[in-house]
Structure formats: C-alpha cells, structure tokens
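Chains as they are written, first to last, in the numbering used here: chain A, 1 to 350; chain B, 1 to 350; chain C, 1 to 350.
These are computed hints drawn from the structure, not numbers from a lab. Please note that the accuracy of each hint is not assured.
Since the list gives no way to pick one copy over another, a pair counts as held whenever it fits inside one copy or between any two copies.
Claimed, not checked - Below 30 Å or equal to it, Euclidean Cα-Cα: the simulated BS3-like pairs (lysine-lysine) are:
1) K313 to K332
2) K346 to K48
3) K151 to K195
4) K78 to K195
5) K48 to K195
6) K151 to K346
7) K81 to K313
8) K313 to K296
9) K195 to K5
10) K346 to K332
11) K81 to K195
12) K296 to K48
13) K81 to K296
14) K151 to K5
If you want the building blocks of each chain, they are given just below.
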Amino acid sequence: MTEEKFTAAELAERVGGQVFGDGNVQVHGVAQLETAGPGEIAYLEDAKFYSTAETSNAACLIVPVGAAVRSNCRIEVKQPKLAFAQIARLLHPQPVRPPSVDSSARISTGADIDLTVFVGPHVSVGEGARISAGTRIEAGVIIGENVTIGKDCILHPNVVLYDGVSLGDRVVLHAGACIGADGFGYVRDDMGYHKFPQLGTVVIEDDVEIGAHTCVDRAALGRTRIGRGSKLDNLIHVGHNCDIGERVVIAAQTGISGSVTIEDDCVIGGQVGFGDHITVQSGAVIGSKAGVLPGKIVRPGVWWGIPIQPLDKFKRLNAQVNRLPEMQAQLKELTRQVALLELAIKKPQL
Amino acid sequence: MTEEKFTAAELAERVGGQVFGDGNVQVHGVAQLETAGPGEIAYLEDAKFYSTAETSNAACLIVPVGAAVRSNCRIEVKQPKLAFAQIARLLHPQPVRPPSVDSSARISTGADIDLTVFVGPHVSVGEGARISAGTRIEAGVIIGENVTIGKDCILHPNVVLYDGVSLGDRVVLHAGACIGADGFGYVRDDMGYHKFPQLGTVVIEDDVEIGAHTCVDRAALGRTRIGRGSKLDNLIHVGHNCDIGERVVIAAQTGISGSVTIEDDCVIGGQVGFGDHITVQSGAVIGSKAGVLPGKIVRPGVWWGIPIQPLDKFKRLNAQVNRLPEMQAQLKELTRQVALLELAIKKPQL
Amino acid sequence: MTEEKFTAAELAERVGGQVFGDGNVQVHGVAQLETAGPGEIAYLEDAKFYSTAETSNAACLIVPVGAAVRSNCRIEVKQPKLAFAQIARLLHPQPVRPPSVDSSARISTGADIDLTVFVGPHVSVGEGARISAGTRIEAGVIIGENVTIGKDCILHPNVVLYDGVSLGDRVVLHAGACIGADGFGYVRDDMGYHKFPQLGTVVIEDDVEIGAHTCVDRAALGRTRIGRGSKLDNLIHVGHNCDIGERVVIAAQTGISGSVTIEDDCVIGGQVGFGDHITVQSGAVIGSKAGVLPGKIVRPGVWWGIPIQPLDKFKRLNAQVNRLPEMQAQLKELTRQVALLELAIKKPQL
Chain A
1 MTEEKFTAAE
11 LAERVGGQVF
21 GDGNVQVHGV
31 AQLETAGPGE
41 IAYLEDAKFY
51 STAETSNAAC
61 LIVPVGAAVR
71 SNCRIEVKQP
81 KLAFAQIARL
91 LHPQPVRPPS
101 VDSSARISTG
111 ADIDLTVFVG
121 PHVSVGEGAR
131 ISAGTRIEAG
141 VIIGENVTIG
151 KDCILHPNVV
161 LYDGVSLGDR
171 VVLHAGACIG
181 ADGFGYVRDD
191 MGYHKFPQLG
201 TVVIEDDVEI
211 GAHTCVDRAA
221 LGRTRIGRGS
231 KLDNLIHVGH
241 NCDIGERVVI
251 AAQTGISGSV
261 TIEDDCVIGG
271 QVGFGDHITV
281 QSGAVIGSKA
291 GVLPGKIVRP
301 GVWWGIPIQP
311 LDKFKRLNAQ
321 VNRLPEMQAQ
331 LKELTRQVAL
341 LELAIKKPQL
Chain B
1 MTEEKFTAAE
11 LAERVGGQVF
21 GDGNVQVHGV
31 AQLETAGPGE
41 IAYLEDAKFY
51 STAETSNAAC
61 LIVPVGAAVR
71 SNCRIEVKQP
81 KLAFAQIARL
91 LHPQPVRPPS
101 VDSSARISTG
111 ADIDLTVFVG
121 PHVSVGEGAR
131 ISAGTRIEAG
141 VIIGENVTIG
151 KDCILHPNVV
161 LYDGVSLGDR
171 VVLHAGACIG
181 ADGFGYVRDD
191 MGYHKFPQLG
201 TVVIEDDVEI
211 GAHTCVDRAA
221 LGRTRIGRGS
231 KLDNLIHVGH
241 NCDIGERVVI
251 AAQTGISGSV
261 TIEDDCVIGG
271 QVGFGDHITV
281 QSGAVIGSKA
291 GVLPGKIVRP
301 GVWWGIPIQP
311 LDKFKRLNAQ
321 VNRLPEMQAQ
331 LKELTRQVAL
341 LELAIKKPQL
Chain C
1 MTEEKFTAAE
11 LAERVGGQVF
21 GDGNVQVHGV
31 AQLETAGPGE
41 IAYLEDAKFY
51 STAETSNAAC
61 LIVPVGAAVR
71 SNCRIEVKQP
81 KLAFAQIARL
91 LHPQPVRPPS
101 VDSSARISTG
111 ADIDLTVFVG
121 PHVSVGEGAR
131 ISAGTRIEAG
141 VIIGENVTIG
151 KDCILHPNVV
161 LYDGVSLGDR
171 VVLHAGACIG
181 ADGFGYVRDD
191 MGYHKFPQLG
201 TVVIEDDVEI
211 GAHTCVDRAA
221 LGRTRIGRGS
231 KLDNLIHVGH
241 NCDIGERVVI
251 AAQTGISGSV
261 TIEDDCVIGG
271 QVGFGDHITV
281 QSGAVIGSKA
291 GVLPGKIVRP
301 GVWWGIPIQP
311 LDKFKRLNAQ
321 VNRLPEMQAQ
331 LKELTRQVAL
341 LELAIKKPQL
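Next comes chain A alone, as it looks inside the complex:
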C-alpha cells in the first residue's frame, strides 16, 4: 500500500468540499473512524457517529454539509463516503507496474500488445489478441486467440479469457475470473447428450469489475454481454446469451441461467438463482437467496423469496407462517365450540 501526502485543504479542493479548522494539517492515509490516528483521515455519514467523531484522533474528518462536528479539522461535503473513496485513491494510488513483458510470458507472434502494457510471468497470449495502452496483465493470465482488451484494464492472476472475448476500457477482472467458457447446452436423444454449438462470444463493456472465480459463459450464437459500469462479486455464474445492462450490481454466488436479461441499474443480492429467459426490468432489486422462475418478467420494485414476491407480501406471508401454530390452536378451539353448540341445539333450550 503506497502513501502520498496532502494537506486537508488540498484534499477538500479535490473533492469539492469546504475545509473548517486547520486546513494545513498533513494527511497521509485513510482509516476507520474508530482507529484513525495522527496523519489519518476518516469519514462519517450519520449523526449517530458524532460522539465517536469528537473523541477521534484523526487529523481530519470528512462529514456531511452542516455537520458541525467538533474536530481539529473537518471537510464538509455532500457525500462523505464518496469523498472518502476519492481521497483514498489520492493517498493510496494503485501501484503502477512499469511497462514490460516478463521473459517467461508466451506471446504469439500475431498478438498486438501496446508498448505501455505490463505482462507478468507465465502469461500466455494467443494469435490475433490486441491489448491496449496502460493495461496490466498479472501472472498466469491466459488470453485466447483474437481477444480484444481495452485501455487501463487490470487482469489479476490466473484470469482466463477464451478465444474471441472482448473487454472495454478500465475493466478489472479478479483472480481466476473465467470469461467465455462454453455455455451449458445439449440436445438429448436415445444415446445421450449431444453438445449444442457454443459459437458466440462475450462482450464486457467499460468500467466493469468482476470478482474472483466468477464465470461468464460465451453465447451459443450471438453474444453474452456485461454492460458498462456493472460490478459482479466473486463466484457468480452468468450463463450463455445473458444480457446484463449498465450499472448492475450482483453479489457473490448468484447464478444466472441462459438468455436472462437484467436491465440497467438493477441490484441483485447474493446466492440468487435465475431460471432461463427471465427479464429483470430496470431498477428492480432482488434480495439475497431469492429464486426467479424461468420466463418471468420482474418489474421494478423490491423482490424476495423462492419464488420471488414483492418484499411486502413476502414479509406478510412469512409472518403468517410464523402464526400457524396459533391458527392451529384457534381452529381446534373453534371445532370444540361448534361441537358444544351442536350439542346445545340438539337439547331443548332449557
């Protein structure tokens, strides 16, 4: 973790904030509010942390506009967490890899690699691959034939890109991410399963980040797409021919079957399962562990459960299930009362 030094006033300027107190204090690192010490900057977004903030040893605090927290120095901004993230990047910039190709890397003669690219040990690059300026290819990455990689990407160790896959600019793939393996498609006859052709490709657009060991399968025909600015966590499965829109966030271990469309700005929890041919409309939020049946159209709103229901309904039904023992008891009591009534009626009313 590298460190740069700035004054609080300089940092405030960079994030469009206003500094109060000693703007000349030196800051060299970010930290959590509870543990920040001299030379460190922390942030808070919520009034409930004001008292913690006032006893903090941080050199400077990033706070919401108008939050007059007592502190030696504070920066007021609209979005403290976002400013903190920006400042973290200034104070702890990504280590830069000098452009170089490790002598152990195997680069096909027909590959076209920009001179500013870093290629680590034991990398392999296939025929016809093109890698643009500023991209970092870490150790053990395997790049198939005719792969296209944009500018300023980071491919962490052991990433695998199958033939023909394409990445935009500033794409980050974490260790072991696997892009372009065959989709899971077979045709059954009496003899068994015959492979359905998996001849399409995968397109990953600009500013996508994909977690460790996440798998995005190639399309049978056509392409699988991950749209601009989308973020996928670890160990996710994206099936063939899926179309994931822009700014979609998907948490770890979610599985998406073939031909699912997830439109822009959806938020998908962890361990969610999607059957095939689903459309999730823009703005929908699906809670962790939900299950979505094949062919379903998921409208905007918050969804939960297996199969998914609107969150409100899910909560109500869940509460009702919890009340089942009580309902059972009520039923029993009613049955007893009705039996007594029947008895009473059969006897004369005297």
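Following the hints, put chains B and C in place on chain A, whose structure we already have.
Chains B and C in isolation, oriented as in the chain A frame:
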C-alpha cells in the same frame, strides 16, 4: 470460429434428413432463425415459429418432418435441434491444435505423452502421468503424478488434476476445473479438528463435460466417480466418494456432499444442495434451489423445494401458503359467527 | 499414495490403544471395513457394524474400548475414527517434496525463501515475500508482494495470494484458493458506482485448511481473519472484514458478506448465506442452505431455515405447513357446520 462449406443436400444427407427446394444452395454457417442471412442455416422445432421462418433470409431451414414451411430450401428431420447441432459441428469444426509440446511446459521424465498430443504453454505434467492420442492440454494446466488421461480430451486453461486422477476418452474440462482435491473430512477432539485420510481417487468416464471452476473431490478411501456421458455445469461442488451415474445433467452451483449416489439419467437443477449419503434413483428430476436432507432416497419423479417434495405437492403447499391471509380472515369470521351463535343460544329462541 | 509398514502392536502404542489378539500382524494400509483385506486396518465406532466386522478380512480392527469384536487382532481405543486417522497418516505419509526451486519459477530478488522450501513449476513470488521452512508451493501458485507464509504449509496448484496477505504455520490451501482479492464495496452517485478503497489485508492463522476455489477477500481497512484450526470447504466466499474464529467449520458454497463475525467453534453447513454485520456466537450451529439476515446476532444453539429459526421451531413450522391442506379442509367443514347451526337456530327448536 472456423467455417466449412456444404450444399444443403450434403447436409441433409449427413443428418439423415430430406431436402425440399433448392438442395444446391451453399451453406457456410449456422445462425438463429431471427438473424440468419444468406449462406446460413437455422432451425425451428415449433409451429409457433412458422411465420418467422417464412420471412427468414436463411439459405436453408431445418424443420420437423411434415412441416411444410415455405422456404427456398428446407431439410426435414425428426429432431431439428439435434440436426442443427450436428450441422454446426460440420460447418464450424473445433480448431485443431497441431501436435506439439510448448517449450515452456514442464514434463516429468517419467510421463508418457502420445505423439499426437498438444501441450500448451506453462503446462506441468507429473511423474507417471499418461496422456493418450489426440488430447489437447491448454495453457497453464497442471497434471499431477500418475494421472491417466484418455483419447481426444480437451483440458482448457488452468485445469488442475491432482495425483492419481483418471479421465476417460473425449472428456472436456473447462477452465479451472479442479479434480481430486482432498475431501472435507475431519475428526474432532478436545484440541480441534484432525484431518481424516483422503487417500482415494477420482474417476471421470468417457464423454463427460465439466464446467469452469467445478470441483470434484477425491474419495477418502475408494473413488469418486462421474459416469459416462454426464454433463456438469460451472462452479459445482462434488464431495468425496460421490457416485454420479451415466448421462446425469447437473446445472451450475449445485453442491453435493460426501457419499451421494446419483443414478443414471437424473437431471439436477442449479444451486441444489445435497446432504451426505443420499441416493437419487435413476430418472429423478430435482428442481433448482432444492435441498435434499442427508440419507434420503429420492425416487423417480419430479422434486422441488427445501426439503424436497413431489412437485405437485410443492405447488399445492405453495398455493396454500399464498392463501394464508385468506384463511386467517376466514378464521376470524368463523370465530365471530360462533360467538354470535353462542349468544343466540344462551338467549331464549324467541 | 505411499505405504509404510507397522505391526498392530506398534500402531496401538502410537495411538494410545490396547491390542488384543495377534499384535505381531503386519499392517501396511488403511481401508473401509467392508473392503479391507490382509495387511489392512479398518475401524468401527458403532455396535451395528459388529457383525460386518466379524466377517472382515482386515488384518486388524480399531474398535471402541470394551467392544469385544471377534477378530484376529483388534486395537481398543476411546475414539476409533480419530485413531484411524492418525494411523492413516503413519501408514500413508504425505509424499515429501525435496527442497528445490523449479527453474521455471519466477522469484523476485527481494523475496526471502527458506532453503527447505519446495517451489514447483511456473510459480511466481513477488518482492518482499517471505516463505518459511518446510513449506510446499505447488505448480502455478502466484504469491504477491510482501506476502508472509509460515512453516510447513502446502499451497496446491494455482493458489493465488494477493499482495500483503499472511499465512500462519501448517496452513493448507487447495487448488485455486484465492486469498486477498478486493472486497466488494462501491459508492453510488449519479454517474454510477465508485470503488470504495480495499486497502486492508487477510490473515490466515495456523492449521487452517481451505478448499479449492474458495475466495477470502481482503478488508477495506483493517483485516479479514480466518482463526487458528478453522476448516473451510470448496467454493466458499468470505467477504471483506470478516472475522472467523478458531476451530470453525464451514461446508461448501457458503457465502459470507462483509464484516461478519463467526466466533470460535461454530459449525456452518453448506450453501448458507450471511448478510453483512452478523455475529454468530461461539458454539452456534447453522444448517445447510440457511439464510441469516444482516445485522443479526445468532446465539448458541442449532439454527435452520430462511430466515434462520431455532431448529425445533423450524421443524414445527415445517410440519404445520405440511398440514395446511388439512387445516383448509377443517376450515371448510367448520364453515359448513356453522352455517347449519345458524339455520337451526333461526328455526324453532322443535
């Protein structure tokens, strides 16, 4: 994606179909019905696509026997999708890797590799390993000691085969598939967990295909088996001592605990969880996200839910749970009526 | 699988057991009770296996104290399964890799590797990394900068350790385990998602074993920890800033969101999902496929379901749900009876 050229008549002959219309039309690629253009062939299986088919620009259509779709050229076959898959293989054959061993590969002196094998960059092959004719070992694959690999297999990048594992013929392992890691077995005492021996092996039979990052653990003692013609999707976990039969299909992210038997021709959805010592009988179908309790015997039929139930029962119970608010209202109304009746009875009946 | 030879008497001494019968019988391998032959040793823990045991061809049986199973030779111990595991280690010791560094490995000049370490082919070790005595680094492992690895660890093929990660002694990481990838944290604004800093690290303590393709993310700030003696199965996700205690066992495909604490001696099933900021108190047991809501405190006891409930309650509710059709029928019958009663009351009672 390589391309070959055939006439429609030649293709019809190869798939045992009958050609109608211009059998001399040249075909060089497969495509989807909606997007197929000149020189391309598409298929349809269902009458609902007839109208789309009749406006298609495809050079030729593969249709069910008797489906007199208007088209410049059509091939009638019993199973259009299967014929399409076969034709795709003819038109777009897998690129052939010339037999060679990359100079960066580390081959132990005692390994026995057929002269027709392709070995990519940064591969490592342990002592006593045997690799048969026509097999393709892509970059970064790691093959342990005494591993046996059959004919015409494809091991995609970064596959790991632990010591002693054995693969049949025509096995395809996608990137990062991990075969033969230790099973998850420990014995607890006051001090903590002690490793239970994981001394067995894994046997993968002919024509098995395994998805990216799927893990098949070695047996504690004996062997874990994946039977002939079975197909496993991405990110699946198969525990130690499992016995998966022939032509079993398992979708992504399913987890199978130790000592589970899945008999021939079962179909298992995605994200299913199996406890240990389960037997799934031949022909059973288990829906996605289902959970099967340890020790269970799953009979043929369609199963669903956590814990699994016959699909019919699952649907009925699910409907009933959805009706709970209504039941609750009914209960309330009955309680009110019974109270009124009690009141009425206590009063004289006039 | 290597083999050593011992007499039954020698083995009994090593595990603190008492030998009955022919203590001089030679034993060279472990086996299952049902298949054990001459020269092999098996174990049983339960009286229900006595009859199987008495027809076994095993050279020697490990049995509970006082279990006078008829056999040519038996060793009585308190914990037969544990003794069996210990004996397996004696008879089949892990193959020792001679200290060496494969010539294809790329070792940074500033890395400090003990002379007794084994480094396999295509390994890469970053600047400032330290690797202690007796550790085995298998083929394709990638070790970032300033990584610390303790004594007698085993890193199986293709393990990835990001910069700065630290492992204790005797840690075992299976193929493809990925330690220290960025946590999944972003800040949203109108433009999209901005990366929240992931500047912390991961600490894996002594005697931890981690399964194939399991991912443990680095902390945003601070550290993610896996405590001493804990065992994680395959394909698990551990989010940033998690604190997993000592002797915790987690089965395959479980997903743990950020900032979750799991205290010592917990047992977590497979495919469990944890929201963020959960605390699981020491001794809690969570069943497979359970879902734990964010922020929850899970007390000691056995938990099950989505969302989790005490196992007893879960079973009761489950039974009740299964009884819903019956309740529905009861409700219908009551409604009919009440209607009849109303009718009866409206008519004069004679």
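Okay, the hints, checked on the actual structure:
1. K313 to K332: both (27 Å within a copy, 20 Å between copies)
2. K346 to K48: Neither, since 67 Å and 60 Å both go past 30 Å.
3. K151 to K195: between (36 Å within a copy, 18 Å between copies)
4. K78 to K195: Result: close only across copies, 17 Å inter versus 54 Å intra.
5. K48 to K195: Between copies only: 25 Å across chains, 58 Å inside a chain, cut-off 30 Å.
6. K151 to K346: neither (90 Å within a copy, 86 Å between copies)
7. K81 to K313: neither (33 Å within a copy, 41 Å between copies)
8. K313 to K296: both (18 Å within a copy, 22 Å between copies)
9. K195 to K5: Between copies, since 21 Å is at most 30 Å while 58 Å is not.
10. K346 to K332: both (21 Å within a copy, 22 Å between copies)
11. K81 to K195: Cα proximity of K81 and K195: across copies only (11 Å, versus 49 Å in one copy).
12. K296 to K48: Between. Shortest inter-copy distance 20 Å satisfies the 30 Å Cα cut-off; intra-copy 42 Å does not.
13. K81 to K296: Between copies, since 24 Å is at most 30 Å while 36 Å is not.
14. K151 to K5: within (28 Å within a copy, 37 Å between copies)
In summary, the structure is inconsistent with hints 2, 6 and 7 from the numbered list given earlier, while agreeing with the others.
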